[in-house]
Amino acid sequence: MSEQNPSPVDFQSGFAQLVPNLRAFARSLCGNPDRADDLVQETLVKAWQNRSSFAEGSNLKAWLFTILRNTFLSEQRKRKHEIEDADGKYAGGIAVNGSQASHLELLDFSKAFDTLPAEQREALVLVGAEGFAYEEAALMCGCAVGTMKSRVNRAREKLTTLLGEKDDDGPSGR
Amino acid sequence: MSDKDKNKSVSPDVDNLRDADAILNPEVQGRIGRELRRTYADLVAQPLPDKLSQLLEQLAQTDKNKEQKS
Numbered sequence: 001m002s003e004q005n006p007s008p009v010d011f012q013s014g015f016a017q018l019v020p021n022l023r024a025f026a027r028s029l030c031g032n033p034d035r036a037d038d039l040v041q042e043t044l045v046k047a048w049q050n051r052s053s054f055a056e057g058s059n060l061k062a063w064l065f066t067i068l069r070n071t072f073l074s075e076q077r078k079r080k081h082e083i084e085d086a087d088g089k090y091a092g093g094i095a096v097n098g099s100q101a102s103h104l105e106l107l108d109f110s111k112a113f114d115t116l117p118a119e120q121r122e123a124l125v126l127v128g129a130e131g132f133a134y135e136e137a138a139l140m141c142g143c144a145v146g147t148m149k150s151r152v153n154r155a156r157e158k159l160t161t162l163l164g165e166k167d168d169d170g171p172s173g174r
Numbered sequence: 175m176s177d178k179d180k181n182k183s184v185s186p187d188v189d190n191l192r193d194a195d196a197i198l199n200p201e202v203q204g205r206i207g208r209e210l211r212r213t214y215a216d217l218v219a220q221p222l223p224d225k226l227s228q229l230l231e232q233l234a235q236t237d238k239n240k241e242q243k244s
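Sequence order for the protein chains is Y and F.
Take the first sequence: its letter number 164 is residue 164 in this note's numbering, and every next letter is one higher.
To convert, take the position in the second sequence, counting from 1, and add 174; that gives this note's numbering.
One thing to keep in mind: the hints can contain errors.
[Said to hold, decoys possible] Taking lysine-lysine and the BS3-like style, the derived pairs with C-alpha atoms no more than 27 Å apart in a straight line are:
1) Y/K80 to Y/K111
2) F/K225 to Y/K78
3) F/K238 to Y/K61
4) Y/K46 to F/K238
5) F/K225 to Y/K61
6) Y/K46 to F/K225
No lab work stands behind these hints: they were computed from the structure.
Let the sequences and hints guide you as you build the complete structure.
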């Protein structure tokens with residue numbers, strides 16, 4: 001019986017637990033922290049209103065991320081003329097507070113990450129950081145699996161070029 | 175599709191690189207993976223701002239009220 005009856009408690013706790021991930025994803029997409037939180041807020045309200053349409057037992061994170069992503073894109077379309085091509089303008093968009101020893105390294109990574117096109121940042125985060133399968137990520141982004149793979153590959157190549165050049169003291173053996 | 179075309183016209187090298195995926199410096203690849211996960215984990219670990227915690231409470235409250243009514 002309990003299986004048939006979607007448990008609001010489970011939904012609610014899962015929902016609350018995933019908010020930090022939603023924030024991180026939002027930050028990766030739009031860089032600006034305030035805007036990212038607005039995005040999360042809107043996502044939570046929408047998700048909550050539509051929670052009856054969530055299929056119990058399916059992936060709640062994927063469901064929430066998809067809502068956030070769609071919200072981001074429609075907002076992006078609205079604001080398009082205002083923030084046309086804001087890619088890369090958010091210096092330190094994904095930057096972290098620098099308590100680690102490898103602060104410099106991290107900042108450099110963040111800078112490099114910020115130079116990627118939004119769809120590649122998204123692909124890299126979904127697959128590389130959140131651990132979604134290519135198939136899942138492709139479903140969430142409404143693209144072919146091959147497209148998702150090539151976005152991830154291109155992101156990795158670009159980062160490899162940017163970061164590999166920097167500390168090129170390496171493996172070529174001279 | 176269009177992306178691929180774009181890359182081709184803008185920088186043909188990218189396609190060579192892609193074919194040579196296997197020889198992308200594995201150290202750099204490992205570093206990218208680690209830094210991506212670490213940077214992302216730091217974002218996930220950040221405390222929620224009040225407005226989001228409050229929203230969560232509100233939503234949970236809505237649900238409770240509803241249940242009691244029905």
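These are the hints, each one checked on the structure:
1. Y/K80 to Y/K111: holds, 23 Å
2. F/K225 to Y/K78: Holds: F/K225 and Y/K78 sit about 24 Å apart, inside 27 Å.
3. F/K238 to Y/K61: With a Cα-Cα distance of about 23 Å, the restraint between F/K238 and Y/K61 holds, given a limit of 27 Å.
4. Y/K46 to F/K238: Given pair Y/K46, F/K238 holds - Cα atoms ~18 Å apart, limit 27 Å.
5. F/K225 to Y/K61: Holds. F/K225 to Y/K61 sits at ~21 Å (cutoff 27 Å).
6. Y/K46 to F/K225: The hint holds at about 16 Å.
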